Amino acid sequence: MATPILEIKALQKRFAGLVATNDLSLDVMAGETHAVIGPNGAGKTTLIAQLQGELSPDGGAIFFNGKNITREPAHRRAHLGIARSFQITSIFPQFTVLANVALAVQAQQGHSFRFFGSAWDDSELLGPAREAMDQIGIAHRADIYAEDLSHGERRQLELAMALAMKPQLLLLDEPMAGMGRQEGQRMTQVLANLKKHYAILLVEHDMDAVFALADRISVLVAGRTIATGSPEEIRNDPAVKAAYLGHGG
Amino acid sequence: MPETQPNAGNATGTLLRGAWPAIVCIALLALVPTLSAMFDNPFLIRLFTRVLIFAIVAVALNFVLGFGGLVSMMHAGLFGVGAYVVAILAVHDFDGAPLWIFPGTSNLAITIPLAIVVTALVALLSGAVSLRTSGAYFIMITLAFNQMLYYFFVALQKYGGEDGQQILASLSFAGFDITKRVTFYYVSLAVLVAVMLLFWRLVNSRFGIILRATAQNERRVVALGVSPLRYKLAAFVISGAITGLAGGLWAAGQQFVSPADLSWIRAADFVVMAVLGGMTRVWGAVLGAVVIVLLEALLPNYTQYWQMPFGLIVILIVVYLQGGLAGLFVRDRPTGAH
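One line per chain: the protein sequences are H and L, in this order. Position 245, counted from 1, in the first sequence is what my numbering calls 245; the numbers after and before it change by one each time, with no gaps. Take any residue in the second sequence, count from 1 to its spot, add 1000: that is its number in my numbering.
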């Protein structure tokens, strides 16, 4: 865990008077799961969007594997190895589960200016897609249309697509959002397994999951980190208690 | 021709099952010259030649509209460009005067490919501008391009201006006379079938899948590592090129072109054909073209105010047939099934 895979330095983002990201610095080590917690409106999703490239920061810098990617467009960051799963599920509803994941594999394999030959029985796509689905545990739903999936399954599909991109860093934006208790527990297990293979920046509200999974935790309030440390340190930090965990966290 | 998805089952079986309405439709269209001769009714073959050529445009348009989510209102303009390329070169061949430094020609083996290339270039330039917008703005910009092309040909006094241009030279395809009604009909039918096969391959290729995915969720496509603009542009150029081909055929079949071929009403007709036919199937647009052209030809026989029932029929089809006319025949999922 010596070198950081992701370094964020003094990141700034404002929306018409609102400071969403305020001089934020943070890093994720290789192999580390770094959780970012904070109350609603703390700027967690805005941070993820800037890391993925959908939003462009007003100041500061982002380094990925030592390379400054602050101005790289989103699609190129994906090729460098940054995969985001969205807080509000973002899938292709009219494709089957397998097709969704195969598309992620295809995007990762470079350009798609191949005009002939059916992509639907291309083992170069379907093989890795099935692998990613197995890893997440939705292989049995391969032929279901994405729009017919339950909420929990959509969250899983979201993750499988991120994995199919063969990323080095996973940006997970509330992977358990809206899940029931059981689904949430199953997802925690899946993530515990992924944690062994990927560096993860995890934004999550479910504190049980965060404390179970994270190697380090940063607490975000009003766009800046007020504390970073091990789960134990964060649990006992008086500032964190006051600002966030407050009542019985 | 179903737009399939990965599937453990027998791919060929699925293909034939989903394609039967297309096959039946083509078989019926192939009977038209026979029926026309039987009833001694040459109008029938003229009418259905119009169906075939518009169907080529509707299938090409539907590639970007149904599969790419791009409502182009300039396909009449692209159609007209293709038609004028064939007509203008034929005029110069007839006059003997060169077009700048190029001699005119009535050989469709030269002018149709040229129509395709020129239309593709127009689609490339206009697409490079319009595809930077989306939604209503895309519709508006393509409509503006359509009108620019329309007034360009209105202003071309040398080639008939507003009145249009008669083709007096006798057109041929590398020495073969394909302009006889029955021959031309079968040539158009063959082109339609080839175009349907082309787009059916395209929508299931890696390229087509990126296009379809972009229409569903562009943000996600970017997050997966794809920059969608060049795929949309390539699709728009391919669609435009085939529309130019149809325009070239149109000029050859009618021996006449006019700015009316580029009118925005025609552009809207093409959109209606694609939507009505069923946007999620390659062959749906063919059904749309058959129905629209027939309604436009037959309804005026019953009433001067034929647009009223025409509009009603279109509304009823859209409201009651999920998936358009194609949905009448194939009950499975829009983007294909198992």
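If you are wondering where the hints come from, they were derived from the structure by calculation, not from laboratory data. None of these values were measured; they are calculated from a predicted model. Ideal Cβ positions, reconstructed from N, Cα and C, are used throughout, including at glycine. Watch out, some of these pointers could steer you wrong.
[Unchecked claim] To be clear about the criterion: a stretch of chain L counts as covered by chain H if any three or more of its residues have a C-beta under 8 Å from a C-beta of chain H, and this derived list gives those stretches:
# : segment
1 : 1214-1222
2 : 1227-1234
3 : 1259-1272
[As the list claims (entries may be wrong)] Computed from the model, here is a short list of chain L residues facing chain H with C-beta under 8 Å:
# : residue
4 : Ile1209
5 : Ile1210
6 : Phe1310
Right, here's what the structure says about each hint:
no.	hint	verdict
1	1214-1222	holds (count 6)
2	1227-1234	holds (count 3)
3	1259-1272	violated (count 0)
4	Ile1209	holds (5 Å)
5	Ile1210	holds (5 Å)
6	Phe1310	violated (31 Å)
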